[in-house]
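In order, the protein sequences belong to chains L and X.
Per this note's numbering, the very first residue in the first sequence carries number 1; after that it's consecutive.
Per this note's numbering, the very first residue in the second sequence carries number 1; after that it's consecutive.
Please keep in mind that the hints were generated in silico from the structure rather than gathered at the bench.
The structure displayed is predicted, hence computed values, not measured ones.
Possibly wrong hints are sitting among the right ones.
Stated by the list, open to error - Label-pair distances were calculated between CB atoms; the ranges are:
#, chain 1, residue 1, chain 2, residue 2, range
1, L, Gln300, X, Ala49, 46 to 56 Å
2, L, Gln300, X, Arg30, 29 to 39 Å
3, X, Arg124, L, Asn146, 19 to 29 Å
4, X, Arg202, L, Thr271, 47 to 57 Å
5, X, Val166, L, Pro292, 37 to 47 Å
6, X, Glu194, L, Tyr290, 23 to 33 Å
7, X, Asp89, L, Asn146, 43 to 53 Å
8, L, Gly229, X, Arg124, 52 to 62 Å
9, X, Arg124, L, Ala215, 17 to 27 Å
For every residue, glycine included, the Cβ atom is placed at its ideal position computed from N, Cα and C.
Number of protein chains: 2
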Amino acid sequence: MSAENLAIGIDIGGTKIAGGIVDGNGQILRRSFRPTPGQNAALTEDAIAAVVNELSDGNQQLPVGIGAAGWINRSGSHVLFSPHLAWRDEPVLERLEAKMNRKITLNNDADAAGWAEHRFGAARGEELSVCLTLGTGIGGAIIFDNRILRGSFGVAGEFGHQTLVVEGHRCPCGNRGCWEQYVSGNALGREAAELVRLNSPRAHNLREACSADPALVTGAMVTSLAANGDLACMELIEEMGHWLGLGISNLAAVLDPGVVVIGGGLGSASTSLIATAEATYRKLLPGRGYRPYARIVRAQLGADAGLIGAADLARHDR
Amino acid sequence: MSAENLAIGIDIGGTKIAGGIVDGNGQILRRSFRPTPGQNAALTEDAIAAVVNELSDGNQQLPVGIGAAGWINRSGSHVLFSPHLAWRDEPVLERLEAKMNRKITLNNDADAAGWAEHRFGAARGEELSVCLTLGTGIGGAIIFDNRILRGSFGVAGEFGHQTLVVEGHRCPCGNRGCWEQYVSGNALGREAAELVRLNSPRAHNLREACSADPALVTGAMVTSLAANGDLACMELIEEMGHWLGLGISNLAAVLDPGVVVIGGGLGSASTSLIATAEATYRKLLPGRGYRPYARIVRAQLGADAGLIGAADLARHDR
């Protein structure tokens, strides 16, 4: 692999800034990490620069791509909004480029992850693919004709905030019934906490795991108990699988993708989640019987997808 | 306008086959019509050929584009399914080309209409636009980067069959709660018939219009009474506007279009429908305040959009 094909990829999450040098086949050759400095924009930008400088080791020619957990405007210059990071309609690209004195490419983290699956993972060879990153919420990416479909203002792929249940659970976005209130680590934790609160006889393992304090229940607790055969937690995951399948069927009505790739921490924590989602999707797809089904598959690149995709986008896109 | 820019466009609906010679500016120079011969595929194809032959008047060089109210496969060769026409997974293109001994381009009618609005109408200049054709159901088109986004199997844009209400009204598609069960001429007629059936004191004009027989209520009856100031019918249209705005907000979460164009018989019958939809959309758009709003506008080409788009696609696409 020649040095011209190398690029630096940075994935900025709510807790961690992960960086790596990535080659043209999507392999990570070196890594670097920093904690994300909470809700402070200047410190976050300093930490990004530190990771980039450590990885580039004096080589200013390496392209740098960033994937950030926020809404990026159409031209890739501004972070419009980020639920977990400090930026609010700020010219992040310009500031970072000035700070590091090099060209940078900025993308949404779920878009970067979807791009990585398109180039090197589970969506290879598809003209139109949808990638869901299931974590605390739902991240989304649409890849069409070898491009990220970003929308007119840069904010396409926000699948998690489709209203799926009229007058349903309240969402921090301000609406009710958003898909991610039914499919996410947060939703799983909320439902499990409710079982503990109601003193459900089926939730004895859950109650033990959280020391009978509903506030201590997490989604990860549920997936882990379910993997160990706890029936209440397995039911919660099955319920979530139905909601996942219903939302995928809605996406298929709009986009008709060839493949739906499911990644993220929650997506990879449970095989039964995807199996249930696929069964529901096959029962609900509009026009079933008169059209092919999209494949519903697990992501292949795991937690590195965002970093790999960000690096590749620095070479290919924008 | 030179003769090379002319093309024949054919719009096949459930009741009528409309054809025209269309120039490169989207103007219709000549027209021809035939009734659609119900659920008989061979007779439908004969009628199409008759319209094309009448319009071409011996000129076999004119490109021919067809927009049909059905699901067309990705390559444009087969009609997979049509709710109102006779075709079921049939090689319609091959048969029509053999019958007329000329090359033909086949598209979904809502895609053709959306394409026409993109090229000559309300969506000009937008990189990403969504077009809704509101009639007995909801037809949809997505135009991105000067192409129709057809999906991996040709069936993208079936917005009307997104589940909007879990366990909602049954839809002929087999599911419940589809968007078009809340936004369509059929939905409007169903709700108005219910008011008549319940002997609602607000529905006296409706009852008079249908001679007190709920089975005779139509959506067109409601839009016409509403236009004349009937309060019950105006309320029904306002309710429908809310559902329309909610669905548009969901589409914006997925696609982030620059413009949403609303056409079709129902779409053009009521200005208050679109105004209410826009108000609801602005209240529900995920991330409102941190992103621009798409424009919500009426279609500009009226009932000719499908025909004009089909002709233009014969010159440009596939």
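Are any of the numbered hints broken by this structure? If so, which, sorted upward?
Those not satisfied are hints 2, 5, 7 and 9.
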